[in-house]
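Trainee: Residue-level listing of the chains:
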Amino acid sequence: MNVKYMYSLLAVIALFLIAWIGSAIGLKPLFGIVFPYVAVMVFIAGFAYRVMSWARSAVPFAIPTTCGQQKSLPWIKPNSVDNPTSTGGVVLRMILEVVFLRSLFRNTRMKLKESGNKLAYNLEIFLWVGALAFHWAFFTVLFRHLRLFTNPVPGCVELVEKIDSFFRFEVLYDAVKVALPGVYLSGIILLLAVTYLLLRRLFIPTVKYISQAADYFPLFLIFGIAFTGILMRYFLKVDMTSTKELTMGLVTFHPTIPKGVGSLFFIHLFLVCVLLAYFPFSKLMHLGGVFLSPTRNMRTDTRARRHVNPWNYPVPIHTYEEYEDEFRDKMIEAGLPVEKMPEPQPAEETDKKESHDG
Amino acid sequence: MKDRTLIITGLIIFIALVAFPFWYNMGKASPQPDLVLTAKAKAAGACVMPTAYMRANHMHLLDAWRNSVVRDAKRVFVNPQGKTFNISLTKTCLDCHSNKAEFCDRCHSYASAEPYCWDCHLDQSKENK
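One line per chain: the protein sequences are A and B, in this order.
Residue numbering for the first sequence follows our numbering, beginning at 1 and increasing consecutively.
Residue numbering for the second sequence follows our numbering, beginning at 1 and increasing consecutively.
Check each hint, because a few of them may be wrong.
Derived list of chain A stretches under chain B, where covered just means 3 residues or more per stretch with a C-beta under 8 Å from a C-beta of chain B [to be verified]:
(1) 44 to 50
(2) 150 to 156
(3) 160 to 171
(4) 237 to 246
(5) 288 to 295
Simulated from the structure, these hints should not be mistaken for laboratory data.
Note that beta-carbon positions come from the ideal geometry of N, C-alpha and C, so glycine has one too.
Bound conformation, chain B alone (with noise of 0.2 Å):
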């Protein structure tokens, strides 16, 4: 019988355990976040690559631009339309996309994703402020 009274007390921690998820959030909504892009980001109307491909790929973009700028110094970026752009997170990506709390950060936190940017790269949005 005691046996009994401690295998039952085990057994409802381990469903509220499992069932965590369910009252951690409850009551809380939470879809995905809206994407906010500047007036410069709507007027260039493309970014240096299909939105699909940036939407998945933009960190192997991002990767590949920080290795031919640091180790290859090539500051020049072709993209499949024959357009160029000057390789710089800084003044390229964020020129458009210069509002980083509500482009960058929002996936990234909803997603719990950390990109490294920020180690090197300073928020520039947020110094002018």
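Just chain A, with the same shape it has in the complex (with noise of 0.2 Å):
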């Protein structure tokens, strides 16, 4: 038993039963209006504080990561996306990070080789693979939820709806029906994908070891979303025309709590607020943060141009040659060698004997 995930499952099952008794027992405005509005603006607030709280900070050293070859002598032939000089190559490598995240690609699992004593770094590629369905099936899910807070539809929202409920899975026996209205394959995924990064935390012993309460809580919660946005939608059968008027009273400014909206929709919209509020302060930040990353969005020239420290602040400095000026006499007095001797006729003698010499 892992304190760790047991706490933030419990959490989420509380979160759960909060907003199914809150519901039932008539605080529906509380749910369905209060928290919706407070939700969204401590999320806003949060973000932007979130924001602004890391432009605010220093960029000390310039630490980009490099996977190629950096730019250099002109016959060496540079990797301008994984190693960007120019700010156009860290554009690219950004789109690529966000929308690909590549740098998961990158991911490899060290390995001893059965026959002899060989290390090989085998490809991981799942976790890539898993993260990459989810963020996509997640933002898929939210851009369709549009349909819910616009009225008309804007045809783009209409469009992916249209493509991701593409593949018709109708199941009509007199026992089951289910897969009606259309399967968006979006939340399929979604629930699939969460479900994967979960079990790969629970039951990889390396991964779990580094797992925390806050890694699990952010999974159980959005699998809470993905899991009660399913069964609304195919099995319970939330009345959808009552369900868009609570959210367009919510982004109208004329909040109202139509009837004939189930205690089930309040627990979606409960755990959507908490993952809202909870966002701006939590690892989920990493919405922002992947494009304030030093690591990401400064460019490879550190051998070109100079990275000044903003907290460098004017240092007095002495250097040798004023120290000698300072002390020329002393030193030769007590026979220390000094780099310039000082003009005086002997001096020059000397130098006249020594040029002979040569």
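Hints given; two lone chains; assemble the complex.
Mentor: In structure tokens, the structure reads:
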């Protein structure tokens, strides 16, 4: 039994029950109006606060990660994307990182080969696949939800919905009737991917060792959100038009609690509110942080251009030349070697002697 | 300093995107649509199944009806009350609910649901006009 994931799981279960009981005992306005507004405000203010605190922080050193040949001599081919020396290269690398999570693709696992003592680095691709599926599915799900927050629904949202529900899986037996309305693949992929990412933390010992409660909590929370969402759409059939009336009321600042919106919807909404309010203060801030990572957003022109540490303050310097000027006479008296001899006559004679000798 | 301008610009764009639903719907209240029942539907009093069931599950019923006609050639539906109906979208459903625009479409377009009924079936209320 691991305390770290048990606490997270219990926290999510508690949130689930709070929303269920709360909406059942008539606190629907609290869960349907107050919490969503508070959560969105906390999200925006917290996000701005975190980003601005990063913007204020100094970047003492140039620490871009390099994954290829740096630009150097003209006959050595530089890798302008993986070791970008120009702003364009940085932008391209950032786009590839944000859209395709390339740094996860580089994930390798060190292994001793069974035959002999050879060490091998195997490509460990599943984290990348899982994360890619998770992030894209989550984005699609989020984008699709705009249909509940816009009226009329923009064409691009309808297009995404149409593509997302392209495959039909209608199951129509007398006992089991599911998968109508049309199944959105993104929802299923989100649930599967979040489950994989969770199981990965639970069953791979090395990953489990470094996992904290703060790693498990968002996974359980997102699992809960996806699960309640799927339950609402395909199984318990939440009243769609009433639900949209509620969500539209929120975004038009005329909040209402229409009849016919079930507890499950309030549970889903409450978990989303918790996610939004938790977001700026957690690891989920990598959404904003990825753009502000010095390892990603700096150019690798460290040899061509000097990066001045903003912490540097003017330091009084006393160079050796100045030191010698100050103490030359005393140094000569003490018989210490000096770089510049003073000008007097004997010095000139010795100079001449030397030149004759030469 | 240049970086900070860039960061603030990015942050403002992000917040504007997050707030998209708020400015997109500015000043447009969108209560849920009222469904119009035709005189015939009102007179009938009850649908093939109870209203609550129909609201949530009409798509399952319609799909089951389609499969039963197209695959099994069964054209008779008996509801829990023992009443029999001819399985036909055009002749049974649309006989009462002949106002597709005010009955079907209002909710569907409000919720952005696009059923594929009309890929094959004709909206006869439109034909007659």
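Trainee: The structure should be examined with respect to each hint, and the outcome stated for every one.
Mentor: How the hints compare with the structure:
no.	hint	in the structure
1	44 to 50	holds (count 3)
2	150 to 156	holds (count 5)
3	160 to 171	holds (count 3)
4	237 to 246	holds (count 7)
5	288 to 295	holds (count 3)
Checked against the numbered hints listed earlier, the structure breaks none of them; every hint is satisfied.
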